[in-house]
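Build out the structure end to end from the sequences listed, making use of the hints.
There are 2 protein chains.
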Amino acid sequence: MKKKTTIHDISKALKINSSTVSRALNNSPRVSQKTKDLIQKKAIELGYQKNILASNLRTNKTNTIGIIVPRISRTFFSSVISGIEETAYNAGYNVVIGQSLESFEREKELVSTLLSNRVDGLLISVSMGTTNYDHLSNFKTNGGPIVFFDRPITMLDTPSISIDDYEASYNATKHLIKNGCKNIVHFSGFQKIALYKRRTEGYVAALTDNDIPIRPEYILESQLSEADGIEMAKKVLKLPKVDGIYSSNDTAAISAMQHFKKNNIKIPDDIAIVGFNNDPISAAIEPNLTTINQPDVEMGIIASSLLIELIKKTIKTPSEHSKTLGTELIIRQSSQKL
Amino acid sequence: MKKKTTIHDISKALKINSSTVSRALNNSPRVSQKTKDLIQKKAIELGYQKNILASNLRTNKTNTIGIIVPRISRTFFSSVISGIEETAYNAGYNVVIGQSLESFEREKELVSTLLSNRVDGLLISVSMGTTNYDHLSNFKTNGGPIVFFDRPITMLDTPSISIDDYEASYNATKHLIKNGCKNIVHFSGFQKIALYKRRTEGYVAALTDNDIPIRPEYILESQLSEADGIEMAKKVLKLPKVDGIYSSNDTAAISAMQHFKKNNIKIPDDIAIVGFNNDPISAAIEPNLTTINQPDVEMGIIASSLLIELIKKTIKTPSEHSKTLGTELIIRQSSQKL
DNA sequence: CTGTTAGCGCATTCAG
DNA sequence: CTGAATGCGCTAACAG
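Those protein sequence lines, which keep their order, are chains S and Y. Quick note: to get this note's numbering, add 51 to the position in the first sequence (first position is 1). Quick note: to get this note's numbering, add 51 to the position in the second sequence (first position is 1).
Take every hint as true, because none was put in to throw you off.
Identical chains blur together in the list; that is why a pair holds if it fits in one copy or across any two.
With a straight-line cut-off of 25 Å between C-alpha atoms, the simulated DMTMM-like cross-links for lysine to aspartate or glutamate are:
| hint | residue 1 | residue 2 |
| --- | --- | --- |
| 1 | K66 | D88 |
| 2 | K93 | D185 |
| 3 | K101 | E156 |
| 4 | K112 | E160 |
| 5 | K92 | E156 |
| 6 | K374 | D215 |
It should be emphasised that the hints constitute simulated quantities derived from the structure, not laboratory data. Please read these numbers as outputs of a predicted model, since none were measured by experiment.
Shown next, in the form of C-alpha cells:
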C-alpha cells in the first residue's frame with residue numbers, strides 16, 4: 052500500500068495551482084483544453100486516482116444510493132435490484148444494498164447506517180414488521196429523498212412505484228371464473244397489511260361482479276412462511292368442492308403446492324390455480340400454472356430514475372410522480388378447465 | 052436538511068477541547084469516565100451523529116467490506132451473502148455488494164469503484180469471464196486484503212474458502228454406483244474452468260475405482276444456460292441405457308429436469324439423478340432428489356471472519372488460511388433404486 | 001481562464 | 001488525563 056498521488060503532486064509537477072488541477076480533472080468548462088490535456092496526461096503518468104472520501108466530505112454527497120429490501124434471495128427483489136443497478140450505474144451512482152429480513156429493528160438500523168454514510172437517496176420496500184415510519188421521515192429530513200417500491204407507503208412528498216394490486220387480483224380471479232371455477236379459495240397475507248387487503252378486495256369484487264357469493268371461510272390468511280402454506284393446504288382439502296385457488300401470497304402458496312404434490316393431489320387438473328408470483332420455483336413445480344407477472348426489472352428502472360431526478364432536484368413535486376405499473380396474466384394451458 | 056451538530060458544537064457547549072470530545076466519543080481509555088459521561092450526555096442532547104465521511108478521510112478506512120458475486124439471485128450466493136453480512140455487522144463492518152453478471156469487464160469496473168471507495172477488504176467469487184487477475188492484484192497493492200470464496204483462485208498471499216469439488220463429485224458418483232447405476236451421465240460445465248475440471252475428475256475417479264469404463268460421450272459439457280440444459284436432456288435421451296445422472300451444473304440441470312418432466316419422463320424413477328445444488332428449485336421439481344449440499348451461510352461466515360482478521364492484521368500468513376469446507380450428500384428416498 | 005485562501009469534520013500527533 | 005495545533009485531499013468562494 053504505497054502512498055497515493057494527490058492533486059498536489061500533479062500541481063507541483065506542473066507548477067499549476069491545485070484548484071486548477073481539481074477543476075481540470077472534474078472537466079470544468081472554466082479550464083482551457085490545453086491545460087486540461089496537460090493535467091490529464093500528468094495524472095495518468097503519476098497514476099492519480101481521486102480520493103472519493105475527501106471529495107465526499109467536501110461536497111457532502113456520496114453519489115451513492117441505498118437500497119433496502121426484505122431479502123435479496125427473493126427473485127422479485129433481485130430482479131428489481133438489477134434494474135436499479137443498471138440505471139444507477141449509467142447515471143454515475145453507486146448502490147449499496149441492505150436486507151431487512153422483514154424485521155423492523157433491522158430496517159431501522161439499516162436506514163440509520165445509510166444515513167450515517169450519507170447516501171444521497173433511498174429506495175426501499177419496507178419490511179412486514181415495520182409499524183411506523185419515523186426512521187424514514189428522519190432520513191428524509193436529514194438525508195435525502197426516498198422512493199418506495201413494491202410495497203407502497205403513504206408519506207408526505209414521497210412517491211411510490213408499485214403495481215395495482217386490486218386490478219391484478221380482480222383479473223386473476225376473473226380468469227378462474229371464466230374457466231368455470233365457482234368455488235375459489237383465496238390464499239392471502241395478513242389483512243392489516245394494505246397490499247393484501249387490496250388484493251382480497253379485488254378477489255371479492257370479481258366474485259361479486261359474477262354473482263358468486265363470498266364465503267369468508269374460503270379466504271385464508273397467513274404469514275409468509277412455509278409452515279403456514281402447509282396449514283392452508285390442509286384447510287383447502289377440508290373445504291367442500293374447491294375448484295380453484297387464487298393465491299396472493301407466494302411463499303405460502305409454494306409450500307402448499309408442494310404439500311399437495313407430496314400427497315398426490317394433482318394440480319391444476321383437480322384444482323385450477325392462479326398464483327401471484329414471478330418466482331421460478333412455482334413455475335418449476337407446475338409449468339402450466341397461470342401466474343400474474345409483476346414488472347420487476349422495469350420497476351427498478353423506474354424507481355431508480357425517479358430517485359435520481361429527485362436527488363438532482365429536477366423534479367419539484369415528488370408525490371405526483373407515484374406510479375402504478377400494470378401486471379400481466381401469464382395464462383398457461385392446464386389452468387383452463389375446458 | 053438542517054445543519055448537523057459536530058464535535059465542535061459539543062466542545063463549545065461544554066468548554067472542553069474538541070480532541071477530548073473526539074476521544075471520549077471513540078471511547079478512548081485516556082479520558083476520565085466523568086468527562087466521558089458528560090460528553091456523551093451532551094452528544095445525545097444535541098443529537099450528535101458522527102460524520103463518517105470525515106472520519107473515513109482522516110483514518111483512510113471505511114469500515115466497509117466489498118463483496119462481488121456473479122449474481123445475487125442465485126440462492127447459493129444470496130445465502131453466502133447472508134453469512135457475510137451477519138459476521139460483518141457483528142464486527143462493526145458495513146457491506147457493499149456488486150454483481151459481475153459473469154462479465155470480466157463488469158468485474159473490473161466493480162473492483163475499481165470499490166477501490167476508489169476505499170473499502171477495507173474484498174470478498175469475491177470471480178466471474179466465469181475473468182481471464183486474468185491484474186485488477187485483483189492491483190486492489191491488493193492499493194486497497195486491502197482479498198479473500199476468494201466458492202471459486203478458488205491461486206494468488207500470492209490470498210486465501211480461498213471453497214469446497215472440495217473433487218471429493219464431492221466422487222461421493223455423489225459413488226452414491227449412484229452403490230445404488231446400482233452403471234451408465235452414469237455427467238452434466239458438467241466448461242472443462243477449462245478449474246472447478247468443473249475437478250468435478251469431472253471426481254466423477255471419473257469414482258467410476259474407475261469401481262471398474263466402470265469411462266465413456267467420453269457420457270460427459271456432457273455446457274455453459275450455465277437454460278438452453279444448454281435442454282440440449283443436454285435431449286442428448287441423454289439418445290444415449291443407450293442411461294440409468295443415472297450426476298450433474299455438477301445447477302442451471303443446466305434444472306432446465307434439463309424441466310424438459311424431462313414436460314415429456315413425461317419420470318425422475319428419478321427412470322433415471323437416478325444426483326445434483327450439485329442448494330437451489331430450492333430442484334428440490335421443488337423433485338422433492339426426492341438427492342443433492343450435494345454446499346455450506347453456503349457457513350462459507351460466508353468463514354470468509355468474512357478471515358477477511359476481517361486480515362484487515363485488522365491479526366493474521367500474518369494469509370495463504371495458509373485457505374480452507375476447504377466439507378460437503379454433505381442429502382440422500383432422499385427415491386434416488387435409491389432399490 | 002487561473003491563483004489564493006479557506007475549510008468540510010474528524011483524529012492524531014505532541015505538549016503539558 | 002486534557003489542550004493546542006495540524007492536516008487527511010479535495011472543492012468552492014472570491015479575486016484578479
